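Novice: Position chain X against the provided structure of chain L, taking the given hints into account.
One-letter residues, chain by chain:
Protein chains: 2
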Amino acid sequence: MAVTSRDVARLAGVSQPTVSRALRDDPRVSEDTKKRVRDAAVLLGYVPSEAGRALSSGRTRRIGLLVTDLKNQFYSNIIAPVHDELEGIGYQLMLHTETADNETVAERLIANGLDGVILATTTVDSVAPLRLRDRSLPFVYFNRTAAYVDADATVVAPSRGLSEAVTRAVELGHRRIGAVLGPSNTSTAQSRELALRAALAEHGLVLEPDTVRRGPYDTASGDAATTELLAMPAPPTLIFCGNDVVAYGALNAARRAGFDVPRDVSVVGFDDLPPAAWPIIELTTIAYDLSGMAREAARLMARRIEEPDAPLAHVEYETSFVERRTLAAAASR
Amino acid sequence: MAVTSRDVARLAGVSQPTVSRALRDDPRVSEDTKKRVRDAAVLLGYVPSEAGRALSSGRTRRIGLLVTDLKNQFYSNIIAPVHDELEGIGYQLMLHTETADNETVAERLIANGLDGVILATTTVDSVAPLRLRDRSLPFVYFNRTAAYVDADATVVAPSRGLSEAVTRAVELGHRRIGAVLGPSNTSTAQSRELALRAALAEHGLVLEPDTVRRGPYDTASGDAATTELLAMPAPPTLIFCGNDVVAYGALNAARRAGFDVPRDVSVVGFDDLPPAAWPIIELTTIAYDLSGMAREAARLMARRIEEPDAPLAHVEYETSFVERRTLAAAASR
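From first to last, the protein sequence lines stand for chains L and X. With numbering that gives the first Met the number 0 as the guide, the letters of the first sequence map in order to residues 0 to 332. With numbering that gives the first Met the number 0 as the guide, the letters of the second sequence map in order to residues 0 to 332.
One should not assume that every hint holds.
[Stated by the list, open to error] Listed next, with one range per pair, are the computed distances between beta-carbon atoms:
#1 X:A197 / L:R5: 57 to 63 Å
#2 L:L311 / X:R23: 33 to 39 Å
#3 L:P232 / X:A233: 48 to 54 Å
#4 X:A223 / L:S319: 24 to 30 Å
#5 L:E227 / X:P307: 43 to 49 Å
#6 X:P26 / L:P16: 40 to 46 Å
#7 X:A223 / L:S14: 51 to 57 Å
#8 L:R27 / X:A110: 17 to 23 Å
#9 X:D133 / L:E306: 36 to 42 Å
#10 X:R254 / L:S319: 22 to 28 Å
#11 X:A197 / L:E207: 57 to 63 Å
#12 X:A110 / L:G12: 53 to 59 Å
No lab work stands behind these hints: they were computed from the structure. Since the model is a prediction, treat every value here as computed from it, not as a measurement. Backbone N, C-alpha and C define an ideal beta-carbon position, used for all residues, glycine too.
Here chain L stands alone, though its shape is the one from the complex:
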């Protein structure tokens, strides 16, 4: 393109670096000057070359977000706040989906010229955090963490919410309690299972092995596991689900098996995604500030890029119990 930042600088009466700063919305440039530069750029039809900008700053102002499955409703509820927060602080979001091979994911992230990556799919044995650390590509854990590489993280503290839920369940007469947990190699499934078992122990209860299932955090997995649990001679009267998306599957399985929720079986989710409050769902669940947590991960990422030596931050989000239609008095069997 013929028009360069020099032309814009001349017309606006500022230096060339000021032009780039103004167009980046750098706070060091006054609003007045920004307007002058923008007007000059529009008048001349100037479009900054992002590639040129990246070469001169060594930064692309692009941040990756690694998710497993873009169709999964859990992820669609974090993509929006991460995107909006990053846009507000001058970064662009690049979505990446995980393949089976973690090593390849790390290489792809590194090759894509990102300034940093928010990891939302980490397993305790993921290779990606190691590879990213070795290549000095900054990253932040969202929700799930790996065991052996420390980094900035935003995580959920499940104990309070689950403890309140169990107390209420016991009041309602539930004794035979089942669970459809997330994958064993995720920190979220581990911490929720621990918190659930601790809460049950407070009331002298246990998760009996025959009532526990584990699988991916998706609707199909919740459906399959619940179908199995409800086919048992003595099904649990209450099923704790690894998250809401799994709980939707549990509700579907119950409906298909002819079990009325909550008369015949109660279901409790985790996350309080928007559909949990819908009148046609009314899912009892564990709530926390998911949007806030996603926004915080975006902010931590930007801070890490801009201040590489900032102290590590682990931000925990507290949980609370939200009682809705899907939890009621234990079915007598």
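Specialist: Then chain X, alone, in the frame of chain L:
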């Protein structure tokens, strides 16, 4: 980084341009050479600079997808196939959300160094297509088109599905039929309304003005509109919804108002998103190949970038009627 493509070229025994082509997976390079280059790159720990690549080719291999709201389930069902298709043909997806000001959106898209943009939020009066055309940034319409700028497009042909739905509704005794349509300035709302009215006319029926509502394609809008319709002295016995996401809102409103679906009121959606088939929802709806349509838009975008003079393609997706629980015999009132 110390390692350059020259080092990789030397170790692999090829020219520097061959290194870039091999790492871009260019079909002109043999699989053998590609492997040799990749091995050399891995051995040396070489990571190509994307910014350098963009400067030398004039392309960024990034394609934008413009959506209104990342939380809207309709969009989460198109982001995944667009992402996957683009990744398969060597492009990266950049998400962009629309703000109130279309002019700004176009400027942002242009400034972001994209090779092209898939527009999923177009209104018939959008300014963005004009601006993009003036700046020669290639774009493809997904689902919605603008009236006055032609471009490659993938769209839905609603007539067959809606005609089948209306025929079945009439068989079931529905005569007073309402509709919660999308925004009047979208080509999708216009074509669905035309198709619905034409199908009703075949049976000597009309959409009476008092039973028609219009609003955004979201759950809140479907909920509010249906709440109004059901509060009328003579509510419609069947409500056609602009899409499934709107229909979820209609189901919520009916539940809240104490109307049993389908005993007291029937609801029909449009899109057949995955939850429509869930046992706890079982939404009667209009289906088409949404994933295929999203993938096709991605392919059309890549083709337009690579062959700017290719003839314009308008790909229409046929619809069919899917009958589930939410449609039943008309309530007698």
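Novice: Checking each numbered hint in turn, tell me which of them this model violates, lowest number first.
Specialist: Checked against the structure, the hints that fail are numbers 5 and 12, while the rest are satisfied.
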